[in-house]
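Visitor: Listed in order, the protein sequences are those of chains P and A.
Going by our numbering, the first residue of the first sequence is number 2, and it counts up by one from there.
Going by our numbering, the first residue of the second sequence is number 4, and it counts up by one from there.
Treat the hints as calculated values from the structure; they're not laboratory data.
A few of these clues could be false.
[Said to hold, decoys possible] Here are some, though not all, of the chain A residues that point toward chain P, as calculated from beta-carbon distances under 7 Å:
# : residue
1 : LYS9
2 : ASP41
3 : GLU70
4 : SER95
5 : GLU139
Nothing here was measured: the structure is a model prediction, and the numbers come from that model.
Each residue gets a CB set at the ideal place from its N, CA and C atoms; glycine is no exception.
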Amino acid sequence: MSSDYLTNQVRRLRFEHGQMTQQQLADKVGVTRQTIIAIESGKYAPSLPLAFKLARTFDVPIEQVFQYDEQET
Amino acid sequence: MNRLQKKAWINLAAITACVVLTGMCLGILVYINARGFDSLLVGLVPGLVAGLVFYVRSVSEEAKLDEREKTIARKSFVWACYTLTLFWACASFGIFFVAGGKSVVPAYTLPVVFLAGLFLAQFVESAAILIQFARETADE
């Protein structure tokens, strides 16, 4: 379930969007706060629909939220 | 603690209660040498009803989980299935190897092996859920 080569900017984007809390973000995308914590810490790679929901919540392209390092594969 | 963790803890408690209750019922049945479907059913009713209640509950609660929790639940279910298969295989062949091919085993051995497998699978499923959540929390 962990995502070794997938990094994300969810934490930074939350703070840039009015210090949004993990719970507020979780409510907006329809998951639990623990799932947001797991995504931020890189322990869980979200599904594509959830990744798009997160990107749309922050109003940025998905590439700005998630980055995949191909060199490490 | 989220819904899935609560469910796992409740399941663990319920399994323990079921094992004690069903074990006592089965012990009494064996002691009085009961036979026939009715006596077996009456003796195992508490365990069967509890199992059915928890099965229905777990199916209805599955819809409330988010995608990560569903992944954890699915993975735990797979572990439980592996455990169940392995246990039944070991128990079946174990009796053959230990007792010998022409030996006779008591009739209660079969329901004991069957029920023990079910309880073990439930235990592994609940424990796997709790372990996966604990591992995530430990790394934070």
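Visitor: Each hint: holds or not?
Guide: Here is how each hint holds up against the structure:
1. LYS9: violated, 12 Å
2. ASP41: violated, 47 Å
3. GLU70: holds, 5 Å
4. SER95: violated, 33 Å
5. GLU139: OK, holds: A:GLU139 within 7 Å of chain P, min 6 Å.
Hints 1, 2, 4 from the earlier list are contradicted by this structure; the remaining hints agree with it.
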